[in-house]
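*Asks:* Starting from the given sequences, assemble the full structure and let the hints guide the process.
Protein sequence lines correspond, in order, to chains A, B and C.
By this note's numbering, the letter at position 157 of the first sequence is numbered 157, and the numbering carries on one by one without gaps.
By this note's numbering, the letter at position 99 of the second sequence is numbered 99, and the numbering carries on one by one without gaps.
By this note's numbering, the letter at position 63 of the third sequence is numbered 63, and the numbering carries on one by one without gaps.
No incorrect hints appear here.
Output of the computed footprint for chain A on chain B, the stretches with three or more beta carbons under 8 Å from beta carbons of chain A:
{"#": "1", "stretch": "7 to 16"}
{"#": "2", "stretch": "203 to 210"}
{"#": "3", "stretch": "254 to 268"}
In short, the hints are calculated from the structure, not lab data.
Where is the CB? At the ideal position from N, CA and C, for every residue including glycine.
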Amino acid sequence: MIRELTVLSGKGGTGKTSITAALGSFAKNAIFTDCDVDAADLHLLFNPDILETHAFEGGTKAEIDPDACIGCGICQDACRFDAIKRTDHGWFEIDSLHCEGCRLCERLCPESAIFSIRSMNNQWFVSDTRFGPLVHARMGPGEENSGKLVTTVREKAREIARSKNYNIIINDGPPGIGCPVIASLAGIHKILLVAESSESGYHDLLRIIELISKYDVDIFGIINKFDVNAGISERIVSILQSNNIKITGKIPFDKKFVEAMVQGKTISEYAPGSAIVKVIRNTWEMISS
Amino acid sequence: MSFKITVASGKGGTGKTTVATNLYWSLVKNFDNDTLLVDCDVEEPDDLLFFKNAILRSEVKVTQAVPEINTSKCTYCRKCVEYCEYNAITVIPPVQYASIAPDLCHSCGACLYACQDDALIEKDHEIGLMSGYDVGFGKGLLEGRLKIGSAAQTPVIRRVKKEALDAASVILFDAPPGTSCSVVTSVLDADFVIMVTEPTPFGLHDLKIAVELIREMDLPFGVVINKAGLGDRAVYDYLEDEGIDILEEIPFNEEYARKFSEGMILSRIDKNYAIHYQKIIRKILEFKQQ
Amino acid sequence: MKTIITANGSDVNATLDPRFGRCEFFCILDEETGETEFIENKAKLQSSAAGTTAAETVIEQGVKKVISGDFGPKAKSLLDRFGIQMVILKDEGQIIANVINSITGK
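*Replies:* Right, here's the structure in full:
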């Protein structure tokens, strides 16, 4: 049976991607996805050979044909997103940054002057890497539908896992608790939380724990940069314990993570004998047992 | 008209919140007491943690209007299903089933136009909380906070921005990380955008996408390099090639990291650190006067 | 009683499609007569809520049982609501004809 692990953090910049990548050296027969589609960084450490490139249909945006518009204003009255502005000539135009592509204006326009254009500004890829296949994406700046792109990436990974008999899918999750995070949680079996010893890290950890408490999954926690604030680390340990989250280890602040990143390596490759990598190996052993 | 500054970053954890809160302090002390800080990172609103003496002044539920189907009036014609671009409506005529999924609904109102049977009524659905705080200096903090489990970040941000409209002469927005629609909503209409990055490969990669977005939106911006001294020079090379202004470099320092981790506004007690923010303000003012 | 099996193609030589919401075809089997009918899954290319729309089709067809490889949470709760039994087959690549034989006992 295929198992799925998603690595999450709530707060951004806790080391989620560096730790996900470091698991690559220990996970055997694994396939990876990068679900942080609007700031995807895993490929910078995995150096993928892209095998397939696919376009992903984004949302639609309305446009008004200025020659057909009679300036009646029905569209502007109906639009709830303030996306329709009157021009100096008395006609109307769409402010595409506000438009959410509901197409109501298009349906109501008595002159059929409004049409919709679908954005094709997103791509997703299937790649080969030294750690196994990687399914990742590049979202066009400002695009909507990040949750749907996450779902697409994950579906492709499952398809590959099924047809090529991979037994674990490791998803590098997005930060936050919003729609792409929710999309990276559907149907998974295990979660690894990467916490960071700061007030913000603690606060954001509480929010992500509350979100995932509704899911029937095994939850693990690792504390990164634990020595930056030992007092907060203590609080993180107790909150993890009281939520029955298995603590896999603590990692000190170490510039080696950045040095490894600059060289395009994972910490497991850059400093294989280090204490940090022992913690990561232990994390993997706990998660995979 | 307010002067609106938005602090954004592609990558998370570059120090966006640190910069926003310290800049708020410096703006209030050195430029204009009538400055409001607005936390638009509604998934993880952390600005409040930097104000230990904050006093809650107002609290409003943020709601989204989601229609409900009155099955005694519904004729199961499926016209609303056809109008809904977000696949939020399920109608199964043979079993007389009709319902709307609030998590997929964008509250566009299209289904209300579709229904000829008066079977749809909009009901308020809670998606978050908007809170105003006195923080002891300046105009205070306005915070948006997404309800856990809701996927409606953008409507919460929109609501908070509406509240902030012309509420102070300077408004400082703290945007969420990334480059998706919630960032667009936060950055929209800014007079100046500060992008916070770190000199690492991840920082650079995500900065490039964020720059692409801000350029597409045609907004003036500059970059603050936080944690300078970590990583490599690639960010500097990129900024030079692209002709992008570096507003300021803030060096990495383990002692700073410890203070920030406690939620401390370091500019309040450390003059050397405060200078970075005075320089950022000077650069923004130069831009404003142009 | 009618049963739906998610299929990769439109005849009994096709294999079981493991994706419920985004399967290619639904094979509708009449368990009494052994007759089959294949209908295309209109939800397969839908950008969101494919599982819900696929469940809609299943409910409209009046079947009592669905056989697939995986069901999403929304499809699951809708099918549950109408008392439709969900059977998950883990054995990928099974030919539809064999699945039918194991149901009808032939």
